[in-house]
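Here the protein sequences line up with chains F and A, keeping their order. Sequential numbering of the first sequence, starting at 191, is according to the numbering used here. Sequential numbering of the second sequence, starting at 13, is according to the numbering used here.
Please note: incorrect hints may appear among the correct ones.
Below, computed lysine-lysine pairings styled on DSBU-like, alpha-carbon distance capped at 35 Å [claimed, not checked]:
(1) 129(A) / 252(F)
(2) 353(F) / 336(F)
(3) 221(F) / 442(A)
Calculated from the structure, these hints are not laboratory results.
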Amino acid sequence: MQDNIKISEFSRETLDLVNRIINRYPKGREKSALLPLLHIAQSENNGWLSPEMMDYVASLLKIESIEVYEVASFYSMFNLKPVGNCVIEVCQTGPCWLRGAENILAHFEAKLGIKPGETTQDGKFTLKTVECLAACGNGPVIQVGKEYHENLTTNKADELLEKWKRENKISHTNPYL
Amino acid sequence: MATQILLKNIDVPGLAGFQVYRNLGGYTAVEKALKTLTPDEVTDEVKKSGLKGRGGAGFPTGMKWGFIDKQSGKDRYLVCNYDESEPGTFKDRHIGTLNPHQLIEGMILGSYALGAKTAYIYIRGELFYVLNIIEKAIQEAYNNGYLGQNILGSGYSLDLYCHPGAGAYICGEETALLESLEGKRGNPRIKPPFPAIVGLYGCPTVVNNVETIATLPWIINNGSDAYAAIGVGNSKGTKLISACGHINKPGIYEIELGLPVEEFIFSDEYCGGIRDGNKLKAVVAGGSSVPILPAELILKTAAGQPRLMSYESLSEGGFQTGTMLGSGGFIVMDHTTCIVKNLLTFARFYRHESCGQCSPCREGTSWMEKILTRIENGQGTTKDIDLLVDISKHVEGNTICPLGDAAAWPVASAIRHFREEFEEHIKLQKCPF
Ligand SMILES: Cc1cc2nc3c(=O)[nH]c(=O)nc-3n(C[C@H](O)[C@H](O)[C@H](O)COP(=O)(O)O)c2cc1C
Ligand code: SF4
Ligand code: FES
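Chain A with its partners taken away, still in its complex shape:
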């Protein structure tokens, strides 16, 4: 059985309540940190653990904390990114619903390390019922002296609040999230300056994903060496993978990084194979934004090595033959799936979610949806395929935030690996599925 850091006690009844969490060893990491470690020592532990951000970009967490401006004399903030809107990603909902105190404990540790006196959990508005659960847990943490003034007599004080979004994928992008938290439209900011220097209310700020933060108590309790001992290469620790689509057992799995993809898809411990005995056709391994791979390339790299669930192995081969671990949203398609139609739903998503600030993204996403609709409905021409590739190239790298890339990559990769399926739609003048 793989090490479980996030899901270990997830089935314990009442885990969302303070006392149950406490009885299972909860809040000991906060005690350890506040009583025996300085903030910089906590940061060092996280640096040494090799933990990378679990929101999608995989940026080393300790290094990000190291950038925070502690000299400015301004307040500092920790903000938890609970926007969870990347299609295929449904892991953070699980943590907040069933184990909110582990997230809260992580927020206290991170805030202590950064010297934040106030922290926010920005949670997508659709998940209001989860916000209610977390707020109840926060109240319990206050009542038991783990939040508020002078926590455990340490002299350290922290206020923690939830903040709801209201339906906008772009607010998952960290600077759009900060704009939204300030009560504005979720328009991403031009970087630099990065939030570590100019973030919430112009103050130094770190934005971290739910899973990243919920991992912190384990690292502080067990030490960075123990964490770094799990995983493979530079992919340390465990990762939540939310698996969906045409598998027998959709759900949320905690894997040790380095697990072979084949084992993840076919073993009964994880996805349990493809539904109805069907054949695996393709996988989008890290949320809708990452390149799609056909069965051969997701199971083995172009060099013929078994593909592993790790940052390095999934991206091996670059975009020609590889993909990315991303957010861990693992979307599996069997041989009955129309790749064009699936892509069209993504294209519609990105057109809908573009904030509209930059024209390559605003216009490009709209054109890609239009052309894909045409092809799917049997009205496309051969030129349309090249036009799609051309548009995706003009969007990629030419926008303020990475949503443009996120919209372009699925299109470019679907055509790269499944061009004949687009051609067939055009030849038959209808969807062959």
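The shape of chain F in the complex, shown without the other chains:
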């Protein structure tokens, strides 16, 4: 976990991607690119949006910082506080609950020693509860970065945790790449 990262500009490569995205919207409507850019910004900032990062996004789109803050705070995928390297999101809505989501959540809580919304001391894992991920037939479902893991069992959860520990899993990667 790192919370005082210095905002430098995006790389040349990322800026190319940003410009390609901005060009998808009509002239004068660059603000439309805000959500895609915030996804990219979050991935470049250890998985969360710092005020500095949001200011930088505002400057790229030539809009006011407040326009970025009010949007970032509306959408649940944006983290406004630092998170662990690997964010585990457990679906808790009805269909997943019917298929044992509560057990899965309890299992992650016990294994990691944290509650939803918390990060392990070593900064490796954050646990989050989320609402329906549109994979209800295969519940319980969890999401980690872009990956879905479905039909989860406690055994599968253990295997995944082991694997993520081994490879120092980082869940926030640029979603376009």
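Fit chain A with the ligands to the known structure of chain F by using the hints.
For chain A with the ligands alone, coordinates are given in the frame of chain F:
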């Protein structure tokens, strides 16, 4: 075997690639439309087919297209609603992942009919990996001359882009979706004006669901009469049903509208019956927002007729004894299920997803969750049940967008059909399950 329009080739390896899709007859509808039909003729075909929007509201697609303002001189837009966030609904993910070109072909047909030069697919942010698949397919369509300038030499040009959301169920509501696409918070707009007049960037816009759009190539290839010949009554064609919960075979099924509910739940071709030989207790037939029905009423109408999977049959009896087809999110519960707890997860969902603009929805969803938590934990009183009914009545119909209704209906219907289960929680001062 029922006619398959959306899932026909879904198991063909490599279907997501242009060449495989093309070899199976893909993009012939675009060729037919651009070379032999005017935009208005395409709209007429869709009107005559009887296709209704598959996003949940079931509004006739051709009629919606007919409202688009073609006189304003402004640009027009087609926007695909790929927000898929209604609990129990997981059908659109399937199309984009395995058959993205059918969606793209549908987008070209719809855009051509509406005279749109730019179209967007708004896809929920959690499904970014699906967005990646669709973007790759879009690139292939450009490379093969089905997108971009002067498509197939017809003089018609179209640009198509994907746009990610970022976690907000309310952005599935079409005007909230447009706000979100403009880079704002997903606050629904007051209607009218409807998007067909004032939509994206103030321009005439049609918003359609993924399944609706992916059906268009079949209609153009086979004709509106062939489509209208499938189904029953005013429920034409096929529908994807995503079935989940306590069934033996959860999954996505394409049914011809009019299939008996009993057959859908119990036959091996579909859900394969209830797990562990358990008894069917209740079904939420069209996504979390529609009224829950107990086993007797989902299998048969109050009049004793077999209930069918169709818009008319599922809503027969109104909200007293019926429900809605909705988005086709079919949630099945067996006799071990606590109806109160299931409802509580929905109440939490709606409280979490309310955009907060109108107080009946913002406050009402929050109160409903609080009271249900109390009841589920054995701290409720008899008055709480009536209070819940009262709150749901004050929310319903008093809000800017239908999320308020969507939050109220599950509560009202669960109490209507399962009141004794709420009472038992209160009497025992704990959850009986
Ligand atoms: C709260 C709310 C959420 C909605 N979510 C979705 C959704 O995820 N996908 C969808 O296609 N329609 C959704 N709708 C319906 C849309 O507003 C709109 O009716 C639909 O996209 C129109 O497409 P169709 O005519 O093809 O069905 C939602 C509506 C409401 C009120
Ligand atoms: S009904 Fe709820 S979600 Fe819809 S506009 Fe009002 S507060 Fe927002
Ligand atoms: S309820 Fe978990 S994916 Fe839908």
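Enumerated hints in conflict with the structure, sorted upward: Structure breaks hint 3 only.
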